[in-house]
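Engineer: Following the hints, complete the assembly by docking chain A with the ligands onto the known chain F.
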Amino acid sequence: MSQTTSQTDYSALIEPTRVHSRLYYDPDIFQEELEKIWYRTWVYVGHTSEIPNKNDYVTKSIGPMPILMVRDREGEIRLLLNKCPHRGNQLCAYQKGNRTTFTCPYHSWTFNTNGDLMGYALPEGYEGTDKKGLGLGKVPRIAVYRGFIFGSMAHEGPTIEEHLGGAKASLDQLLDNSPTGELDLTVGFLQHRTKANWKFMVENETDGYHPGFVHSSIFQVAQSGIANLYGSDSTALTRDFGNGHTEFDLRPEWRKLDTPLGWFGTTADRLPAYVKAMNESYGADRARQIMIDGTPHIMIFPNLFIAEIQLFVIQPISVDESIQHVTALQFKGGEDINRRLRQQTMGSVGPAGFLLADDTEMYERNHRGSKIRDPEWLVLTRGLHRERLDENGYRIAHSTDETTQRGIWRHYLKLMTEAQP
Amino acid sequence: MTATHSLSLLRHADGRTVEQLTALSLLDLHHHVSQFLFKEARLQDTHAYDDWEALWTDDATYWVPANGHDTDPELQMSILYDNRSRIGIRVKQLKTGRRHTQTPRSELARTISNIELVSVADHELDVIANAVIFEDNMRGETIWAARNEYRLRLVDGAFKLVRKKVGLVNNHKPIFTLSFLV
Ligand code: FES
Ligand SMILES: [Fe+2]
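Residue numbers (our numbering), protein chains in the order written: chain F, 1 to 421; chain A, 1001 to 1182.
Source of the hints: derived by calculation from the structure; they are not laboratory data.
Each hint can be trusted.
Simulated coverage check for chain A against chain F, where a stretch passes if three residues somewhere in it have a Cβ under 8 Å from a Cβ of chain F:
| no. | stretch |
| --- | --- |
| 1 | 1058 to 1069 |
| 2 | 1099 to 1111 |
| 3 | 1169 to 1177 |
Just so it is clear, CB atoms sit at the ideal spot from N, CA and C, and this is done for glycine as well.
The shape of chain A in the complex, shown without the other chains:
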């Protein structure tokens, strides 16, 4: 392991930083994307709020639809529909220590799988993946399952999150409080 190289940076075999996603093989790209999604999952599971917030671009959208998977969040109710500034408020609220539903925090472990690249452009790509999340809190144990969609952007050699849609499979039904980062 080379301590001087940040593992977050996308590099070619010769060590040069990647400037265009299309310059990577699909195999390499799939590996880098997977690493990024796993990292996001870990930051969420461990409540590393600041590091998680830093993954987002300024034009970010974080969306958890309700009542199906193809609603229009601009016109219909969603469980969560945050722009960048609202993501910031969400994180700040969690950090007050008085977000009661996360005090004590949920214990979490999630698995991200079925990672499939959907489309790749020079600086952005779309990817889908499944997430299964085990949550334990004062109420009890809850299992969440979602089909997720992401848009990642290459910024200064590393991935950032532009868009994340968390498609809870049971989003048309009553669901428990969802106050951890999903």
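The shape of chain F in the complex, shown without the other chains:
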């Protein structure tokens, strides 16, 4: 990959407690983000449950770029670039399926599911040409953490464990809520098109200052207690794990409530099959604690957001357009809770969602606002005076504090300015 010399002095745009609006609307900065973030760091691509069988494939993405996520004939996970190496034709036009080969419609070159070129039409015209080296482009590094598939376009870099750091514990917390320790993400994604820069989404996912205002309409009519998690008296926390990963830790509030499934707005007697399966898997004491603590609310930089009951994938398309992909979390072995998870997800998120339609309205207004010249600097000082370190050395503060945004920008600045390998 060619070395890009930056025209932008990022340290002049990102200070510890304020950021410059230009970061959201400058197309040159977006291009540089592709090189230094999206085509370099670990990016979440998909989940193993989406391709359970050999030769299953599904179209995913890394940044704006489409990726074929494939389980090849040996059962290995492959991330292939959806581009025919002959004349660059888009190879696969379908969202998902099962096939042993991919044939390009243009001149009929055929590839197997690990991306190797198997053959071309009218082969006598290629006498002396070696098929090796004419395979599909591959994402150089693939890592699977408990079913979550990440890809990195850089040949070298931190391991997935190094990248996830403390955020790994939150993924474990999520999987503990499954009686089998596994997810099944096969109910389909909603795709929410958004005329806003991707960073507005990343920052908002762990912004605890907004829910009481942006979502007050639905909290009022659905008589939801969620607003209290983001009120002055809340004991819930924001946490900055480093590496750009941030979360709300709602467990202090759920532990006060001390009710299994209280985090999900229900009680154990409403989901008997799930509770029974949890007790059998973990033992009654441990199961009780898991069901009190609930699932995490974590934004794994740059694109995986787990919002208690949903999984979002944030995809940048251009400097002013993004797609929010979202699906319901589904626990393998939890039919009754899964149904409720789907129903609540369909109500809250996606283009018509009670919650996300309003968040998305804010993203689009944020984006339009960013281009207004004065003031150019946006303020991130909230909660500075009460920020502290937890027992693991991560920054924490009140659930409405901007510890999370400051952490995201700290990591962003590092990625945009550090020397490339």
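Structural biologist: Using the frame of chain F, we list chain A with the ligands on its own:
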């Protein structure tokens, strides 16, 4: 125009209220169905939330599928899949004045066409129609197109909505916020 007759009621030529849909000619039925669909469209376009909500029966389903037109909404994600109580929540949220994506409201005009009766029983009928909706809001102008399916029920001489499926033609692709009544 007879001011005493509600135009919502289905009547025979002699003024009697219709008690069985099968007692009407297909031509009359098509006219009544069209009038009902146009009225629903107008209530949606003008954000007449209460009047629109009153069109629904208690066992209603309001469905906007995603990722195709023959998914199972009980098992797969849909853009919108409301039962009667969730329709009520949707309307209540719109009426708070703090549904930000509809504050200010979308400006809307839609055309309902290609109205085709699919099947008629004594008290219910199935009908399909196309809808093209022009939306203008702060983001800009958006055109929505859908192949819709409806089930209407005759209740006390007037139509009610039992089921509405809005089959957005591009529901397999990323779509903008859809927060007006579609
Ligand atoms: S472009 Fe694919 S075979 Fe020619
Ligand atoms: Fe929100």
